[in-house]
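2 protein chains.
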Amino acid sequence: MNNLHPIHDSLVSRQEKENLLAQRGMVFWFTGLSGSGKSTIATAFQRTLYEYGYVVEVLDGDNIRTGLNNNLSFTEADRAENIRRIAEVAKLFCQNGIITICSFISPTIAMREQARNIIGPDDFIEVFVDTPFEICEQRDVKGLYARARKGEIKGFTGIDSPFEAPDHAEIRITTVDTQIKDAVAKLMLTIQTRITRINK
Amino acid sequence: MNNLHPIHDSLVSRQEKENLLAQRGMVFWFTGLSGSGKSTIATAFQRTLYEYGYVVEVLDGDNIRTGLNNNLSFTEADRAENIRRIAEVAKLFCQNGIITICSFISPTIAMREQARNIIGPDDFIEVFVDTPFEICEQRDVKGLYARARKGEIKGFTGIDSPFEAPDHAEIRITTVDTQIKDAVAKLMLTIQTRITRINK
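So the protein lines, in turn, are chains U and P. So for the first sequence, my numbering puts the first residue at 417; every next one is plus one. So for the second sequence, my numbering puts the first residue at 417; every next one is plus one.
I should point out that these hints are in silico values taken from the structure, not numbers from a laboratory. In this text the structure is predicted, and so the values were computed from the model without any measurement. Each residue gets a CB set at the ideal place from its N, CA and C atoms; glycine is no exception. Any given hint might turn out to be false.
Per the computed footprint, the stretches of chain U lying under chain P, defined by three or more beta-carbons under 8 Å from a beta-carbon of chain P, are [what the hints assert, rightly or not]:
id, region
1, 431 to 445
2, 449 to 463
3, 470 to 480
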């Protein structure tokens, strides 16, 4: 520790962090019904970015509902607060230059607009994982649709709670006729378009 | 996008992220009175780490109270919730391999123990910025002590709200007889001790 650099008195800026990581922070906000394939695509996208050397975080129910938002219920107010907090955390990651994938049903236009406003439109890319309701219910990977149909889960999106499809999402992925690798390729194209200054 | 790597179906692990960044995630939790020098030392520490090539985030009132925790007041319950949320966010950063500096008064032992438990003891380094109350009040950089004395701020730590000094902080920095660069050197030593596998 004999050769400490001169100490500056300001926090490290976003630009400096982005230069260090050689990437630009941005937030991919995945919206879609339960069972639409959000997590599968988010996972494959993260894995691909990682293999290209990008630093990338996925925020999803698994790491948010069990931690930061473990004191929120599924009332309308708490669902809005859930999304607000996620957007604020995504913003922090983004401002560190990290590519951040948020994977949440986020069923209403208002919720997603709030997220866009918090994160800032320049850093926000809405990804609509557009799988028809009937297909999601057929798949029912977690058995949630069956439970909702029996009335065991109240306010289930698509059954007794609305899903408002985005009408101007930056990226739309139709999973019925698209392979995962093609969905990922579509997402990667956005990275390559938006991060032109980087050679990874 | 013709040469996509084979797609794996699991999220990128903490270990993989740490390998990519060539550093280990950890949380430095700064505690101390208002005016003790937490922010000054945190800033100098971040700047030094950055110059050595580390990815490092500072969470403080400026980026937390204005964003994630902008719906919390200064009641006892909200102060505890403030610290809980910060700890959860610090944990997310840490699990991405990022060195995270949290700079908050966090006046009670219970609050700091909660933070330690959330983040996990292996990743948590408590840093007590130990400046005597009298000195902090004399400095009064933000004029807060004067306002608290006039009764304009209620529940001000050190005046009408207690500060419980840590009795087993991993690092104690006494600012009265220590220069900033020496405080930073002490903190850097911890980095070098805990991250032995890295050559930056």
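Taking the hints in turn, this is what the structure says about them:
Only residues whose beta carbon comes within less than 8 Å of a beta carbon in chain P count, and the region 431 to 445 of chain U has 4; three or more means the coverage holds. With a threshold of 8 Å between beta carbons, the proposed coverage of the region 449 to 463 of chain U by chain P holds, since 5 of its residues qualify and at least three are required. Counting residues of the region 470 to 480 of chain U whose beta carbon lies closer than 8 Å to any beta carbon of chain P gives 6, which reaches the threshold of three, so the coverage claim holds.
Violation of the numbered hints given earlier is absent; every hint is satisfied by the structure.
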